[in-house]
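Undergrad: Given these sequences and hints, build the entire structure.
Chain order of the listed sequences is P and L.
Numbers given in the numbering used here equal positions in the first sequence, counted from 1, plus 832.
Numbers given in the numbering used here equal positions in the second sequence, counted from 1, plus 7.
Take the hints with a grain of salt, since some may be wrong.
Once the Cα atoms are required to be at most 27 Å apart in a straight line, the calculated DSSO-like pairs of lysine-lysine come out as [unchecked claim]:
#, chain 1, residue 1, chain 2, residue 2
1, P, Lys880, L, Lys41
2, P, Lys884, L, Lys143
3, L, Lys72, P, Lys967
Because the hints were derived from the structure by calculation, they are not lab data.
All values derive from a computational prediction rather than experimental measurement.
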Amino acid sequence: MTQNLSCEALRDDLVALLYDDGDRDERTRARDHIAQCVPCRAEYSELKSVRKALGGWTLPLTPSLPKPQTRVAVSWFPAGLAAAAGIVLGIGVAVMTLGTFSKAPETAPVAASAPTSPAATAQFVSYNEIQELLKQQEARHQAEITELRQTLAQVTETAPPSASIRSVSAMSPSAFESLLKASEARQARMFEARLAGLRNDSELQRQYDMAQIAAGLAYIDSRTGADAARTSELMKNLVRVTAKPQDR
Amino acid sequence: MLNRSQMSDEQLVEAFQAGHVAAYDELVSRWQGKIRGAVWRVLGSTEDAADITQEAFLRAFRGLKAFKREAKFSSWIYQIALNLCRDSLRRKKGKSYVSLDEPEPQIPALPSLSPSPLELSEGNQLAERVRQAIQKLSEDQREVIILKEYEGLTFAEIAETLGLPTSTVKTRLYRGLVEMKQHLARDGVTSASSIHDSNES
Chain P
833 MTQNLSCEAL RDDLVALLYD DGDRDERTRA RDHIAQCVPC RAEYSELKSV RKALGGWTLP
893 LTPSLPKPQT RVAVSWFPAG LAAAAGIVLG IGVAVMTLGT FSKAPETAPV AASAPTSPAA
953 TAQFVSYNEI QELLKQQEAR HQAEITELRQ TLAQVTETAP PSASIRSVSA MSPSAFESLL
1013 KASEARQARM FEARLAGLRN DSELQRQYDM AQIAAGLAYI DSRTGADAAR TSELMKNLVR
1073 VTAKPQDR
Chain L
8 MLNRSQMSDE QLVEAFQAGH VAAYDELVSR WQGKIRGAVW RVLGSTEDAA DITQEAFLRA
68 FRGLKAFKRE AKFSSWIYQI ALNLCRDSLR RKKGKSYVSL DEPEPQIPAL PSLSPSPLEL
128 SEGNQLAERV RQAIQKLSED QREVIILKEY EGLTFAEIAE TLGLPTSTVK TRLYRGLVEM
188 KQHLARDGVT SASSIHDSNE S
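TA: Take a look at the structure:
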């Protein structure tokens, strides 16, 4: 395609005309230009056909791209983002709670499966209101935790003491001291045994290394001797071959 | 007080920043479909699109308090999503390296570049060819074409989203379209003769 410099310079204008976007002047310039420039007119047509082809690529239908949710789409948040999603969910639940139970917020149930429809049109709530709700929820939780702790304490009190568990604080000082000594003696014995094992291992390793060195030296000696004998034999042969017949 | 659906993005952002957290609901429902579509087109993967859209909206939620309303919310959320797309593509490129120690290195399979019989059926064939051609474009050109063709953003909005001058946006668009023309012509999808001068406006 043969295009001169002015055609190159008008490419942006051509794009503006193609998309009917940008300055009006740009589009006018491009329109005037393609009216008289055959290559640019052809290119403009080609680009329009490309745009037409691009329009053939549509998004896949559901379920690949489901309809957007009316609320923050907590359901499709990955597990790794659960904490942040929890915040969003908590806020959402708090908003629902206000909208649905505005007259008695302290009795509002907090559940992930709360209904969504009427709350969706509820008016905005401030952070302070949400904070208040969260405080109430926290207080309820604290009360439940206290109750559970009390129940647990009762269960522990009524349970029979375990024979295998003895409290150190209940022992006499002499018994504690004897236990301590026994423990130290046990640890000393273990340490001695381990040290003896290490010593044994070290001696065995030393003997093995010495044997290896001796074998290596013997090999070198034998090789050296053999090489010397072989060299001597070769020299003798060489002398014999190169000697004059009368000297042989 | 205005119903949330009647409020502009700017008003919703303002409401959110004033403490009305529920305003974010409307922003999400208003934009998640568009963002997900754009991400899907850039990446060519539905699963990745879902994950990245989630991540984009989570990041936006975290950052919306500090969002300066000089830019449009839509440009900002597109920007976040496209940055995540670029990261994802970069990670995938990194994963495509093959160890020299492997006795028989396997060529990583390109995701569904070979269309299935269903995809090649009437109606899907063009879409598949276009998808393939777009995947062959450079990242820069692909983003601009997707934002313009499928998201309907203006040059100025694209420039704001990508942080580029408008002239660069138009140049990338032009070059992308020219490359698309070549790829599609190779596949026999379009030719210069398919559109007549009579269609011009």
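Undergrad: Does each hint fit the structure? Answer for all of them.
TA: Outcome of the hint check:
1. Lys880(P) <-> Lys41(L): Holds, at about 24 Å.
2. Lys884(P) <-> Lys143(L): holds, 18 Å
3. Lys72(L) <-> Lys967(P): holds, 23 Å
In terms of the numbered hints stated before, the structure departs from none.
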